[in-house]
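Chains as they are written, first to last, in the numbering used here: chain H, 1 to 615; chain B, 1001 to 1386.
These are calculated hints, taken from the structure and not from any lab test.
Don't be surprised by glycine CBs; every beta carbon is placed ideally from N, CA and C.
Be aware that one or more of the hints could be misleading.
Selected chain H positions facing chain B (in silico; Cβ < 10 Å) [stated by the list, open to error]: (1) 24; (2) 28; (3) 34; (4) 35; (5) 507; (6) 512; (7) 524; (8) 528; (9) 535; (10) 592; (11) 593.
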Amino acid sequence: MGSRLMSVVGTPVGRGAVPGFWRRLRYRARISMREPTTLLGILVALLFAYLIIVPIASLLVDAGRVQFGDERRIGAAPGEWTLYYISRALFSPVAGNLFWAPLFNTLSVAIGAITISLAIGGPLAWLVSRTDMFARRWFATALIVPFMLPAWTFALAWTTLFKNRSVGGQLGWFEAMGFAPPDWLAYGQVPITIILALNYIPFFILLFGNALRRFDSQLEDSARMLGARSSTVAFRIIGPMMLPALMSAIILAFAKCIGEFGVPYVLGLPVNYDLLATGLYRSISSRQTGVAAVLAAAIMLIGVISLLIDARLVREARKFVTVGAKGAMSRKSALGPLRVPATAFAALIFLVSVGLPLLTLSLSTIMRVPANFAWSNFTLDYWIGTDLETVALRTGILLSPSLWSAAWNTLTIVGTASICSGLLGLLVGYVVVRTPVRPLAGFLRQVTFLPYLVPGIAFAAAYLSLFAVQRGPIPALYGTAAILLLALVADQMPYASRAGISAMMQLGKDPEEAAQISGAGWLRRMAWIVVPVQKGALVTGILLPFISGIKGLSLFVILAVPATDVLTTYSLRLVDYNYTQAANAVVLIIAAIAYFGTLLAQKLTKTNLADGLGT
Amino acid sequence: MPAITLYGAEKNYGGNAANAVSNLDLEIDDGEFMCLLGPSGCGKTTTLRMIAGLEHLSDGRIAVGERVVDCVSSGTFVSPEKRGMGLVFQSYALWPHMTVERNTDFGLRLRKVPRAEREARVARVMETLGIEKYRDRYPSQLSGGQQQRVALARMLAVNPDVLLLDEPLSNLDARLRLEMRAELKRLHEEFRTTIVFVTHDQWEAMTLATSIAVMNEGTLQQRGTPNDIYDRPANRFVAEFVGSPPINIIEMAAGSPLAASARTYFTRHFPALDGIGSVGMRPEALAIAATAEDVPSGAFGEEATVSGVLPTGGSWIIELQCKGAKLFLTTHLAPHVEDGDGVQVYIRPEALHVFDDQGNRHGKADDMLGTGAGAKARKTVQPMHA
Chain H
1 MGSRLMSVVG TPVGRGAVPG FWRRLRYRAR ISMREPTTLL GILVALLFAY LIIVPIASLL
61 VDAGRVQFGD ERRIGAAPGE WTLYYISRAL FSPVAGNLFW APLFNTLSVA IGAITISLAI
121 GGPLAWLVSR TDMFARRWFA TALIVPFMLP AWTFALAWTT LFKNRSVGGQ LGWFEAMGFA
181 PPDWLAYGQV PITIILALNY IPFFILLFGN ALRRFDSQLE DSARMLGARS STVAFRIIGP
241 MMLPALMSAI ILAFAKCIGE FGVPYVLGLP VNYDLLATGL YRSISSRQTG VAAVLAAAIM
301 LIGVISLLID ARLVREARKF VTVGAKGAMS RKSALGPLRV PATAFAALIF LVSVGLPLLT
361 LSLSTIMRVP ANFAWSNFTL DYWIGTDLET VALRTGILLS PSLWSAAWNT LTIVGTASIC
421 SGLLGLLVGY VVVRTPVRPL AGFLRQVTFL PYLVPGIAFA AAYLSLFAVQ RGPIPALYGT
481 AAILLLALVA DQMPYASRAG ISAMMQLGKD PEEAAQISGA GWLRRMAWIV VPVQKGALVT
541 GILLPFISGI KGLSLFVILA VPATDVLTTY SLRLVDYNYT QAANAVVLII AAIAYFGTLL
601 AQKLTKTNLA DGLGT
Chain B
1001 MPAITLYGAE KNYGGNAANA VSNLDLEIDD GEFMCLLGPS GCGKTTTLRM IAGLEHLSDG
1061 RIAVGERVVD CVSSGTFVSP EKRGMGLVFQ SYALWPHMTV ERNTDFGLRL RKVPRAEREA
1121 RVARVMETLG IEKYRDRYPS QLSGGQQQRV ALARMLAVNP DVLLLDEPLS NLDARLRLEM
1181 RAELKRLHEE FRTTIVFVTH DQWEAMTLAT SIAVMNEGTL QQRGTPNDIY DRPANRFVAE
1241 FVGSPPINII EMAAGSPLAA SARTYFTRHF PALDGIGSVG MRPEALAIAA TAEDVPSGAF
1301 GEEATVSGVL PTGGSWIIEL QCKGAKLFLT THLAPHVEDG DGVQVYIRPE ALHVFDDQGN
1361 RHGKADDMLG TGAGAKARKT VQPMHA
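Starting from the given sequences, assemble the full structure and let the hints guide the process.
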C-alpha cells in the first residue's frame, strides 16, 4: 500500500519528515489568505481601531497632558504630561463642584431610580409573564413603550406639568392653576429620579420577565412534590435562579443611568443639579478640555466596571439555562381575588409612565396658555399656524424650515450612519464567524463592543478630543457632518456587530459551504447566498441603529453645530429658548418616529423587542 | 486507481486539544461506497470535511485520483469549489431563499451549462429522487425527507466524481430512513459514483457500505467489508462498537469466576494458546441447552440462570447470570425458558473472538480456533435442539 501511495502523491517526503515550522506557517498563511475574508477582516479591524480605540486613547491622553490655553495656569508647555487636571477634578477646592457632587448625585439618582423601578418593574415582570392578569399580552407590549421613546420626552412632560417660576418661559400647569410646585418637586433629584425610574421599568419587565418566562415550572413542582412550602420554593428555588437575571437588569440600568444626559439637562440644569454627564457637558462648553477628559474617563470607568460585572453575571446565569431545557413548562399562576387589583396596578403604571406624559405633551402643543382647558384656548397654531406673534419661529412647527432641515439632517446623517453600521456589522459578523485567524475574530468582536462600555457622552467627548484639530492627513472634522457620522457609526457598532454576528451564527457555515462545494467562489457566495439570506438581518441591523440614533442625544449635543442640527438638538434648543409648545411638538415627532420605527422593525423581522434584549 | 488517498492526514484544532484526526492513512477506491463509522467525536466528520477541503490539514496529504489537493509540506491547497466533489450536509444546508429548482440547478448555473441541458439534467435528477412536484417550493415548505432529497439532488445534478454524505439520514424518522437507505444504494448502483458516507449508526453502515472504516478518537481502527468488520473485529473497540446488543466480553485479567472457567477451557482444549487478554462472544453466537450433556463437545459451556427474557419483536434477548457475570444472548427462535430457569449456555470455539493483552485481535487464536471464516462459520452453528 505504501508504494502505491507514494506514486499517487508524488513528492518524496515521507511521513517521518515532519515539515518545519516555517513550512507550516507558510501553509497556514496560504490557507488564511486564500479568501478575501481575512484581508477584509484586517481592513475592518484597522478601521475600528481608528474609529474606536484611537478616540478613547486620545481622550485618556488628554486627561494627562497640558491643553492649549492652560499653559500659563499650569506653567508647562501644551502637550507636556501633567497631573493638573486629575488633581483639579478630584482634589482641588472646586473638585466638589466639578466631580464629587456630580458623582454623588449620579450615584444617588441611579440608586433611587433603580430601587423604584425594581420595586415596580419586578412585580410587573412577574404579572405579565407568569400570571393570568387581565390583558396580560397587551400590557406586555404597552408597558415597554417607554423603552422605545427618548427618556427626556418624559422630562419635558414633567416640566410641562411642574415647572415653577424659578425659570422663565411658559408656566407649568400646576403653577398656572395657582398651585406653585416647590423647587425640589419641579427640578433636581426628585423628578430626575422619578423620570429615570419610570424609564427603566421596561428594563426589568424585559430582562427579568424573560428569565421568569424561561423558568421551568417543573423545577417548582419538583420542590413541591418533595414537600416544600410556597415560601420555601420562592426563596430557595426561584429566588436564587432569578438572581443573575435580576442583577443583570439592575446593572444594565445603572450603566445606562451613568451616561444619561437628556433628563438631567432638562430637569437638573435650572437648579444647578449636575450629574456626571451634564457636568461633562458643562466642562466641554466652558472649554475645560482637560477636566472634561477626566470626567469622561471616570464615566467610562464606571461603565466598564459595571458591564464587566454584568458579563460575569450573564455567564453565571448561563450555567442555569441548560438545566431543564427539555420539555420545560411555563405555567401561569392564578391570581384569584387579586386579579382585578393587579390589573389596576399595571394600568396605573401604564398611565403614569406612558399615558399621562404623552397626553400632557400632546395637549401642551395645542394650548395657548397652560392648564386652561377652555375651548378657546386650544389651537393648532403651534403645529401649522402662520404669522404668530413670537420673536422667532413665527410659524407653526410643521411649517418651519428649521424643522425640515433638522429632519433632513437627521435622516441623512443618522440614515447614512445606520446603513454604514448595518453593512459593517454584517461584514464583521461574516469575518468573525468565518475567518480561520481566530485572534482577528476575537479582536473584531471586542473592539466593536467597546463603545457599549463607553456612555455616549464620554464617547462624544473622545471624538471631540481626536477630531477637533487636524491630525495627520485627517482635517479637523468638528462642525462637519462627517464627525457625527463617524461617531454614530462607532457608537452603533455594538448593536450592529452583535446583530451581524448572531445572524451569521444562525445561518451557520453549511449553506455557504454547500455553495462552495457546488463550485461557487467567494464573490458568488456573497452575492448569491450570504447577502440574500441575510436580507432581514441587514434591514434590522440598519433600522434599529437608526431608531436609537434618532432619539439619541448625547452624541449630538456635543458634536453637532447649528449647521448639522438634528431633531434632538433642535428640540433641545427650543427648550432653551422656552418655546415650550414647539419643543414638545418636536419631541413628539421624534417619539412617534422611534415608536413606529420599532414596530416596523419588529414587523419586518417578525421578532419581538423583548427577545432581543437578553443578550 | 484509488479515488481518494489520505496519507498521514492529521487535524488539530489548536490549543492543547487532542488531535481530531491523527495520522490517518486511508484509500477509497473508485466506485466504492465507503462508510466512516464511529461514535460521535471520533473524527469521522472532520475526515470527510478534510476530503471536501472545508477543513485544511494540520499535517499530511490528500490526493484525489492523481491530483494532490492538500499537502502541508508542499503548501498545496485546492479550495473546495475546485475539487469537483459533492457534499450532502447533515443539516441539508438548503438555501432558504431559493426554490427547489434553483437549489438544484445552482451548480449547473455556476458551470454555465447551457439552458436546455441544464433543464434536462435537473429534470432527470428530480425525477429520480421523486421531487419534481416540489420544484417551485421553498425549502421551508418541505418535510425533512423531501429536504434531504433536494440536498441530494443538488449534489447529484452536477454529477460529481465523489459524493460525500455527512450523516444525511440521521434527521429522518425510522421509515424514511429505511427508504432513503434503499434509495442511496440504488443511486450508487445507477451513478457509479464514489461515495463516502459518515455515520454513527452501525446498521446504516452495514447495510449500505461496500467498505467500512471504523474510527475512534481520531484514529482508524479497522477498514474492511461489513462482514469483515463484524466477523473479524480488529480490536476490542471495533468488536464492542459494532453489534447490538453489544458483544459479551470476558476480561481474563479480572480473575472473575467466569474468567477462571474460560481459562480452564482454553488450557484443556488449546494448551498452546497464551497471551489472552479478553474473550468476546457475540450474543447470537451464544446458545442454551437444557443440560450439560446437550452441550456439543468442544464448545465452551457453563451453567447459567435466566434473569430476563426480553422480546424485541421477531427475536428475543435473553439475559443470563453466569458465574457472577451478565451475558446477553439473542435468538430468533421462541425461547422455552423463563426467569429463574437454570440452563447451560455455550458457544462453539470458532465463534469466539480472542483479543490479546493490548486489546488487539489475537491472530494465533484465530488460526487455532478456526475463527474468522466469517459468515460461513456462523451458518454452520447448529440449532440447539438438533
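Does the structure break any of the earlier hints, and which numbers would those be?
10 and 11
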